[in-house]
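So the protein sequences, as listed, match chains U and A. When the count follows our numbering, it moves up by one through the first sequence with no breaks and lands on 158 for the last residue. When the count follows our numbering, it moves up by one through the second sequence with no breaks and lands on 1253 for the last residue.
Calculated directly from the structure, the hints in this document are not laboratory data. Where hints are given, some of them may not hold.
Stated by the list, open to error - Here are the computed distance ranges between Cβ atoms for each label pair: (1) U/R49 / A/R1030: 31 to 37 Å; (2) A/G1083 / U/Y134: 28 to 34 Å; (3) A/D1054 / U/T120: 23 to 29 Å; (4) U/M1 / A/T1086: 18 to 24 Å; (5) U/R49 / A/L1084: 21 to 27 Å; (6) A/D1021 / U/G127: 32 to 38 Å; (7) U/K128 / A/S1013: 33 to 39 Å; (8) A/Y1023 / U/G26: 35 to 41 Å; (9) U/E139 / A/C1014: 31 to 37 Å; (10) U/T140 / A/L1084: 27 to 33 Å; (11) U/R49 / A/R1051: 52 to 58 Å; (12) U/K85 / A/Q1128: 26 to 32 Å; (13) A/A1070 / U/K29: 50 to 56 Å; (14) U/I9 / A/Y1025: 24 to 30 Å.
As the list claims (entries may be wrong) - Only some residues are given here: those of chain U computed to face chain A with a beta carbon under 10 Å: (15) K6; (16) L8; (17) S12; (18) I56; (19) L59; (20) L72; (21) E81; (22) Q87; (23) E89; (24) Y108; (25) E109; (26) R112; (27) F117; (28) T126; (29) Q143.
As the list claims (entries may be wrong) - Which stretches of chain A does chain U cover? Using the computed rule of at least three CB atoms under 8 Å from a CB of chain U, they are: (30) 1003-1014; (31) 1058-1070; (32) 1109-1116.
C-beta atoms are modelled at their ideal positions from N, C-alpha and C, and glycine is treated no differently.
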Amino acid sequence: MRFNEKELISLSRQPSEMASELTMRGPKKGDVFKKRLVKLVVNFLFYFRTDEEEPIGALLLEQCRVEREDSLTFTIIFLDEAERKYQFECDTEEQCGEWTDSIIKASYEFMRKNLIFYRTEIHKLTGKDPLEQYGISDETRFQVSNGLQLKARETSSL
Amino acid sequence: MKVHRKILTHFLSCPSPIDKDGYLYKKKERTGVFRRRWFVLKGNLLFYQDRPADRHIQGAIVLEGCRVRADDADSDFSLVFQGLRTYRFSAADRHAQQEWLACLATASHGYMSVLLRDLGLQYRAVTQSGGASSGSDPSLPSPGTLPLSPLPPPPASSSAGALRPRKSPKPWARRNAHVTPIRGPAPSSSEWPRVDFDPLTEFSKLHEVYGAEVRRARDAWLRERPEGDAWLRERPEGDAWLRERPEGDLIHL
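Build out the structure end to end from the sequences listed, making use of the hints.
Next comes the structure, spelled out in structure tokens:
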């Protein structure tokens, strides 16, 4: 499968508020913790060897769950058949909390669901559709019935 | 750079919403030949394959940092990645071309982010002014689970360096990371700039604010990186993209 690698690498160079040196461990048996510069840009998590310009890899943060292992460690679990897990160790508990929050909120699907929630609620409370003034009320992207179930869920799986 | 393809293919095949799909002709860069492909737009990713039922995905285009451009009045359009590649397409007719243009122009993560922030502000304004119904409304999150506090002022020194982790001025309330407020609004972020104009009528101003913040963050980041200058030299028009965006022109987002 081809993808626009140069453009993705360019994206990895955009400024980001979430960029830290963490230790990271991959999903395969035998993978060990290694120090990496981890950087969140839009819904991609890039990871670099420290002081290298090009990332080693990019993880799309969709269809994944974030779990807190302990005060300093979190895991990203991808919800495909293999259920691949990537573990990250932070320096402080606060940093760990910031990362888990940021990763959850970075997902496009998470944002869409929240947007639809706000739209529905504002419409309920004011009688007005907040997207009408932007002329985007009819876009498929923002429809409530677009395959989504607005029910409470127990996990953060998206 | 390794892009974990299985994550992408799983995202395509999972039941999350499809924003648009259909046949388009895509121009091969080297040969100039147009090949008909089945395209699926999901979020900020545009996938393509030979036919709808195919299991093999030929490619994915990440729609960040690009502009959408109509190339002629009838059917052709492009995705222009500033200083990098331009993808050229041909739709079946003008109607299809316009539909794809509209969809692709609003597909970026940044666009969704600004819209979400805007609606979040409106939602807070409406619920704090007493517009919410009293009693247990099952559609609103219970107070114990989410920090629904008013927007705090922006932090004094906004360092947006790419290498330093930011210390957030307000610690997050302790929450189980298993539980995402799917049914409720996203928690307020202490890093969003304060907006002191009426977001209900000033979406274009929000674009400016957002764009200004991106510029500031980018400048700060460039200052801090030793090879910052080299990066700028490689893309002299980088800043122009932000400056040239006319107000409210969604196509350029």
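Hint check results:
Between U/R49 and A/R1030 the beta carbons are some 32 Å apart, a value that agrees with the proposed interval 31 to 37 Å. Between A/G1083 and U/Y134 the CB atoms are about 29 Å apart, so this pair conforms to the stated range of 28 to 34 Å. Between A/D1054 and U/T120 the Cβ separation comes to about 36 Å, which falls outside the hinted range of 23 to 29 Å. With their beta carbons about 21 Å apart, U/M1 and A/T1086 fall inside the hinted range of 18 to 24 Å.
Look at U/R49 against A/L1084: about 24 Å separates their beta carbons, and that is inside 21 to 27 Å. Checking the proposed 32 to 38 Å range against A/D1021 and U/G127 shows it holds: the Cβ atoms sit about 34 Å from each other. Against the hinted window of 33 to 39 Å, the Cβ-Cβ separation of U/K128 and A/S1013 comes to about 37 Å, which satisfies the hint. Separated by about 38 Å at the C-beta atoms, A/Y1023 and U/G26 satisfy the suggested range of 35 to 41 Å.
The beta-carbon spacing between U/E139 and A/C1014, approximately 21 Å, falls outside the hinted interval of 31 to 37 Å. Range check, U/T140 to A/L1084: Cβ separation about 28 Å, and the 27 to 33 Å hint holds. The hint said 52 to 58 Å for the Cβ distance between U/R49 and A/R1051, and at roughly 40 Å that hint is violated. About 40 Å separates the C-beta atoms of U/K85 and A/Q1128, a value inconsistent with the hinted range of 26 to 32 Å.
For A/A1070 and U/K29, the hinted distance range of 50 to 56 Å is satisfied, since their beta carbons lie about 51 Å from each other. Restraint check, U/I9 to A/Y1025: a C-beta distance of roughly 27 Å satisfies the suggested window 24 to 30 Å. Below 10 Å, beta-carbon pairs count as interface contacts, and U/K6 has one with chain A at about 5 Å; its hint therefore holds. For the restraint placing U/L8 at the interface with chain A, the shortest Cβ-Cβ distance is roughly 6 Å, inside the 10 Å limit, so the hint holds.
Using the Cβ-Cβ criterion of 10 Å, the hint placing U/S12 at the interface with chain A is satisfied: the shortest such distance is roughly 8 Å. For U/I56, the interface hint holds, the least distance from its beta-carbon to any beta-carbon of chain A being 7 Å, beneath 10 Å. Interface hint status for U/L59: upheld, as the beta-carbon distance to the closest one in chain A is roughly 6 Å, under 10 Å. A distance limit of 10 Å between C-beta atoms decides the matter here; for U/L72 the minimum to chain A is near 13 Å, and the interface restraint is violated.
For the restraint placing U/E81 at the interface with chain A, the shortest Cβ-Cβ distance is roughly 8 Å, inside the 10 Å limit, so the hint holds. With its C-beta approaching chain A no nearer than about 13 Å, U/Q87 sits outside the 10 Å limit, and its interface hint is violated. Contact between U/E89 and chain A, as hinted, is not supported at the beta carbon level, the nearest pair being about 14 Å apart and thus beyond 10 Å. Taken as an interface hint, U/Y108 checks out: its beta carbon lies about 4 Å from the nearest beta carbon of chain A, inside 10 Å.
Hint on U/E109 holds. Least Cβ distance to chain A is approximately 5 Å, under the 10 Å limit. For the restraint placing U/R112 at the interface with chain A, the shortest Cβ-Cβ distance is roughly 7 Å, inside the 10 Å limit, so the hint holds. Because the beta carbon of U/F117 sits about 6 Å from the nearest beta carbon in chain A, less than 10 Å, this interface hint is met. Interface hint at U/T126: satisfied, since its Cβ lies 6 Å from the closest Cβ of chain A, which is below the 10 Å cut-off.
Because the closest C-beta pair between U/Q143 and chain A is about 8 Å apart, less than 10 Å, the hint holds. For the stretch 1003-1014 of chain A, the assignment as covered by chain U holds, since 10 residues bring a beta-carbon within under 8 Å of that chain's beta-carbons and 3 suffice. With a threshold of 8 Å between beta carbons, the proposed coverage of the stretch 1058-1070 of chain A by chain U holds, since 8 of its residues qualify and at least three are required. With 6 residues having a beta carbon nearer than 8 Å to a beta carbon of chain U, the stretch 1109-1116 of chain A meets the requirement of three or more and the stated coverage holds.
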